[in-house]
Amino acid sequence: MNASIWWIRRDLRLSDNPALAAALAQGTALIPVFILDPKLLASPNAGHKRLAFLFAGLRSLDADLRQRGSGLVVRQGDPLEVLHTLLHETGGGSLFAEADVSSYARRRDERIMRQLPLKLTPGLNIHPPETLLKADGTPYTVFTPFSQAWRSLAFPGRPIPPPAHLPTLPPIALQNLPGSLCHPSSSPYPAGEAEAQRRLATFSQSIISRYAIERDRMDIDGTSGLSPYLRFGMLSARQAAWTARDAEAQATDAASRQGAEAWLNELIWREFYAAILYHFPYVRQMSFRLGLRSIPWRDAPADFAAWAEGRTGYPVVDAAMRQLQATGWMHNRARMIAASFLTKDLLIDWRQGERFFMQHLLDGDPAANNGGWQWTAGTGTDAAPYFRVFNPILQGRKFDPQGNYVRRWVPELTAIPNEFIHSPWTMPANLQHHLGCVLGKDYPTPLVDHDAARQRALAAYQKGRKI
DNA sequence: TTTTGAGTTGTTCGA
DNA sequence: GTCGAACAACTCAAA
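By our numbering, the letter at position 283 of the first sequence is numbered 283, and the numbering carries on one by one without gaps.
Hints are all accurate, no fakes.
Pairwise CB distance ranges (calculated):
| hint | residue 1 | residue 2 | range |
| --- | --- | --- | --- |
| 1 | Ala302 | Leu133 | 43 to 49 Å |
| 2 | Pro44 | Pro139 | 23 to 29 Å |
| 3 | Gln67 | Leu133 | 40 to 46 Å |
Below, a list of computed lysine-lysine pairs in the DSS-like style, where the Cα atoms sit at most 30 Å apart:
| hint | residue 1 | residue 2 |
| --- | --- | --- |
| 4 | Lys398 | Lys441 |
| 5 | Lys39 | Lys119 |
| 6 | Lys134 | Lys119 |
Since the hints were derived computationally from the structure, they do not count as laboratory data.
Positions of the beta carbon are idealized from the N, C-alpha and C atoms, including for glycine.
Whenever a hint applies, use it, and build me the whole structure from the sequences.
Structural data, given as structure tokens:
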């Protein structure tokens, strides 16, 4: 007996899957396997919601595989041991997986490759990190030149269609997925490749044409909402990029063209942060920028809890955090506002916020999440001014003009008129009583005064950049 | 090696 | 209400 093992990690799809294609090209039977790695399951960055999304994705993938004559093998344990056993059981053969960029994944794969015939394929990114370097051979650390270099490379070939049939082996023991981690069927983000394709179609047919203008609006479904699917490879980066390219080619007006262009740019940001993590793995532990490693962060558990639970008294921040807790997703603009509030207004270490987001986001990805947090904290690759402090009131007025995002996630503010929705503490006391929303009783008073907090942050950053 | 232009997503202040 | 300048100095990328 001889078989090819397709080791699935964050590529839960049959279409446009180079690792699967490489395994099938061996011409032997295929064993699709997912390994529950206790180290990853116990990580402080693992999140219940994301694990449940992953398991639902595995069930969906299993169903897709069965339709094609195969079935998913799920095993628990150290990947090296599991794969070793599996190769032994199946009489040896080949082993393929999609390359990943995180330190843990890379060390794990290097260890396995020393002992087993593991071959890694590209697929996570359109242009793998090691292919994009400056003329002197060092990696880019600024987005704009990176994106120019990225665009100067040949556009990738069209996505590979899914295989119609899979050469199968007699059934192999399947371990049941933990039932405790059940992704609710009512989740706004049902897992699976078919769902990812459905969303991609919806997005490319209408939303993308307004994406350049509406992607920042928190009260509108103006984004793709595809991040959880890209996170687990239920959709490939190449499929996304081709969708952007086709949308641009088919655009009949400037706005549509700009929308497609803006979305491709976001995909390049994803590639950029993957490359940053690949080339500078230390960013998971510390500031990218050496000059900003001594900011005097506050140790303030009560303030952190208020932020995490969405009761800071700043409606747009609270709406953001409650959206995250309720759905496992947060609008990108809201992520920046919430992150800015934690790091600047509360002066709490970005690493605490990074971990919290990892624990709650369906799309929690080490590279993108870290890049976003370091950008907001001003410690990252972005060389822009450190004194850029988001004003939660202005951001709310600008990107949630009628307050509908706030009202959706902070129901106690439903009755508040538009003019006070982003600063309810400015309401006259009699109006508060009249509307049944008394500050300090029905909704918190602001945790900090933004103007004072801003001054404190500027001073702290000034101090932090001295050394 | 030196020089030059530029850097996602902002806010505030004063005219 | 709108608009441009100031916010500081630094680092990066490429010529």
